[in-house]
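Student: Here's the letter readout for the chains.
Number of protein chains: 2
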Amino acid sequence: MRIIIDAMGGDNAPGEIVKGAVRARRELGVDITLVGREAEVRQCLAAENCEDIEVVNATEVITMEDDPSTATRRKKDASMTVALNLLRDGKGDAMVSAGSTGALLTGATLIVKRIRGIRRAALAPVLPAGEHGVLLIDCGANVECSSEYLLQFAYMGSFYAKTVMGAENPRVGLVNVGTEDTKGGAMQHETFALLKKAGEEGRINFVGNIEGSDVFGGKVEVAVCDGFTGNVLLKGCEGVIKFMMHALKDVFYKSTKNKLAALALKKDFTLMKDTLDVNKVGGTALLGISKPVCKAHGSSNAESLFATVRQAKHVVDSNIIGQIKENIDYMRIGSSGDAEA
Amino acid sequence: MRIIIDAMGGDNAPGEIVKGAVRARRELGVDITLVGREAEVRQCLAAENCEDIEVVNATEVITMEDDPSTATRRKKDASMTVALNLLRDGKGDAMVSAGSTGALLTGATLIVKRIRGIRRAALAPVLPAGEHGVLLIDCGANVECSSEYLLQFAYMGSFYAKTVMGAENPRVGLVNVGTEDTKGGAMQHETFALLKKAGEEGRINFVGNIEGSDVFGGKVEVAVCDGFTGNVLLKGCEGVIKFMMHALKDVFYKSTKNKLAALALKKDFTLMKDTLDVNKVGGTALLGISKPVCKAHGSSNAESLFATVRQAKHVVDSNIIGQIKENIDYMRIGSSGDAEA
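Taken in sequence, the protein lines are chains A and B. Our numbering applies: residue 1 is where the first sequence begins, and numbers increase by one. Our numbering applies: residue 342 is where the second sequence begins, and numbers increase by one.
Heads up, some of the hints might be wrong.
Listed next, the in silico PhoX-like pairs over lysine-lysine satisfying Cα-Cα at most 20 Å (straight line) [to be verified]:
id, chain 1, residue 1, chain 2, residue 2
1, B, K607, B, K590
2, B, K608, B, K590
3, A, K113, A, K254
4, A, K267, B, K598
5, B, K432, B, K454
6, A, K273, B, K666
7, B, K583, B, K595
8, B, K590, A, K249
9, B, K595, A, K254
10, B, K560, A, K267
11, B, K583, A, K249
12, A, K254, A, K266
13, A, K267, A, K257
14, A, K257, B, K608
15, B, K595, A, K273
16, A, K257, B, K607
17, B, K560, A, K242
18, B, K600, A, K249
19, B, K614, A, K254
20, A, K242, B, K614
21, A, K266, B, K432
22, B, K432, A, K249
23, B, K590, A, K259
24, A, K266, B, K600
25, B, K432, A, K267
26, B, K598, A, K259
27, A, K266, B, K608
28, A, K266, B, K607
29, A, K266, B, K590
30, B, K454, A, K249
If you're looking for bench data, these hints aren't it; they were derived computationally from the structure. All values derive from a computational prediction rather than experimental measurement.
Based on the provided sequences and hints, a complete structural model is requested.
Tutor: See the structure below:
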């Protein structure tokens, strides 16, 4: 299996990206193609004593200043663009980038294309909760959603939870303002009916509406949401974690007595903190794209990049894309034709 | 000043409600009217050695099983309905209830009415962040919002932050999926333009779009949001806090060494926990109603009820309703007439 990596994406590229890629090759047994400014990338490889990794030269870099909706079209020789082209052309099995989320999403849609019949690709990170974690789908790819998009997110999320997260019969919940069937607006009502029907047909394990507090409560493995709400929820939760970590730090440093006590707790506290650390849990799969594309966190270090390559390997191994293709007829409503970009 | 209290609302009524009311009278110097089943309420008052508080009898109770949209119309003699009628009739200056949020919102709108020109009342809790806290408006009163609603939320939130929270020049942010001006869907774009204009005219201090993570980041005093997203965000944050508290507890109880260390931290840790405790910070004002109505948490104990009465007193003292009335012309767009229910 070969993983194509955008070596220039993210805040710590190319150094940390190359470091994570080298570790992934050693520990996961995958072949790696690094895409980026060849001289820079080779220098990083030399620093890691690993000079036999394939490098494909790309002279440009997509930055946070580039308009995401046009970045890969304007910068044809950017590392991200070239990496996506390699994936499309079958030169690897999956692509990983820590670059601009918006540019990656648009680029993957335009270059690699969506799975036939899938209306929109979704960003679906796995958050810590329960035994398997919870997949929050969508988290910002689509700020305005139709009920059909959400139906597709539910199916794709369910396949992902089963094959990649290892949940036997993943519970799917619709994020809403209450658990009663009638909660929410028109979009939630329509989606509820579609998910309920899919549940009754035994295609997904729909458990009904869930509240924001249930996302972290271990009540479901898949939380289905429009991208606007999902994005605000995800970032809000990140903000709360940060806020609490600061508050805890203040407690730990308040006095000598507290400092000594904190020292005794340090090991276990760090283990707990790690479960909440984006750098440890891997990246976000772009579900709905016709080949595996995974987004690593923009602030990825080597460890985070490694975790995202491991995730990409799981996505390839799981054949989730095959599963989506096989079930696409159940995932569409109406007959408004194909949605390929 | 007289505060009318629904003595039968919430999980711990009437015992804890009466206890909190007695404390409020003693410590805040306000007059109290308790509304509920007179015999039960008087028994609670006797237990508190405080039998000279005014009690108005109401034979029914609105429960979580009642349809919120019709509860106060169907149960004319419910404690909540009678309390709202007393407020409308000028028998008190503010009303407090720990009962069903939906029923209170509908009841307040139907009985007390909205301020003339205000399209929708909003639920606006204050969350811990920065120096003054942050008002998240709306948190679930309105699952589907227009840009005009959000403009009104921004004004009302700004007045509240200034007069009740004590923020000199409260910063108002629009919750969105990114900080760039162009982020979000059509509703956010329209709202952004309205808030920007209000900011340029010097009527509010609009600082632009904010992300979910900024809500707890101390970046603004007022976070403006549709009620669907606000509700999911608020409950999601509550879920994360609960999740982290559990994880911390696991760390604290893991070993004898950890238990001893946790014991040393206990006092300061409890203080920190209190800042995140809904029972300590008071309730949620229903902004847009023509007289002060405050919702205490459904699981309110005496302390939480007391904090909500204190908040109601601040709302009366601040004359925020007068401020909203004075500025109503700036808070409306178009000329689609009055929005009274």
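Student: Look at each hint and say if it fits the structure.
Tutor: Verification of the supplied hints:
1. K607(B) x K590(B): holds (11 Å)
2. K608(B) x K590(B): Given pair K608(B), K590(B) holds - Cα atoms ~15 Å apart, limit 20 Å.
3. K113(A) x K254(A): Since the Cα atoms of K113(A) and K254(A) sit roughly 54 Å apart, the hinted pair is violated (cutoff 20 Å).
4. K267(A) x K598(B): holds (12 Å)
5. K432(B) x K454(B): holds (16 Å)
6. K273(A) x K666(B): Not OK: K273(A) and K666(B) at ~48 Å, beyond 20 Å, violated.
7. K583(B) x K595(B): It holds: about 18 Å lies between the C-alpha atoms, which stays within 20 Å.
8. K590(B) x K249(A): This hinted pair holds, its Cα atoms lying about 16 Å apart.
9. K595(B) x K254(A): violated (23 Å)
10. K560(B) x K267(A): violated (32 Å)
11. K583(B) x K249(A): holds (18 Å)
12. K254(A) x K266(A): holds (15 Å)
13. K267(A) x K257(A): The hint holds at about 18 Å.
14. K257(A) x K608(B): holds (12 Å)
15. K595(B) x K273(A): holds (15 Å)
16. K257(A) x K607(B): holds (11 Å)
17. K560(B) x K242(A): Between K560(B) and K242(A) the Cα gap is close to 14 Å, so the pair holds against 20 Å.
18. K600(B) x K249(A): Holds - the C-alpha atoms of K249(A) and K600(B) are around 18 Å apart, at most 20 Å.
19. K614(B) x K254(A): Measuring from Cα to Cα gives roughly 15 Å; hence the hint holds.
20. K242(A) x K614(B): holds (15 Å)
21. K266(A) x K432(B): Given pair K266(A), K432(B) is violated - Cα atoms ~57 Å apart, limit 20 Å.
22. K432(B) x K249(A): It is violated: about 49 Å lies between the C-alpha atoms, which goes past 20 Å.
23. K590(B) x K259(A): Distance of about 18 Å is within 20 Å: holds.
24. K266(A) x K600(B): Since the Cα atoms of K266(A) and K600(B) sit roughly 13 Å apart, the hinted pair holds (cutoff 20 Å).
25. K432(B) x K267(A): Between K432(B) and K267(A) the Cα gap is close to 60 Å, so the pair fails against 20 Å, i.e. violated.
26. K598(B) x K259(A): Measuring from Cα to Cα gives roughly 14 Å; hence the hint holds.
27. K266(A) x K608(B): holds (19 Å)
28. K266(A) x K607(B): Distance ~16 Å between K266(A) and K607(B) Cα, so the pair holds.
29. K266(A) x K590(B): With a Cα-Cα distance of about 14 Å, the restraint between K266(A) and K590(B) holds, given a limit of 20 Å.
30. K454(B) x K249(A): Violated - the C-alpha atoms of K249(A) and K454(B) are around 47 Å apart, more than 20 Å.
In summary, the structure is inconsistent with hints 3, 6, 9, 10, 21, 22, 25 and 30 from the numbered list given earlier, while agreeing with the others.
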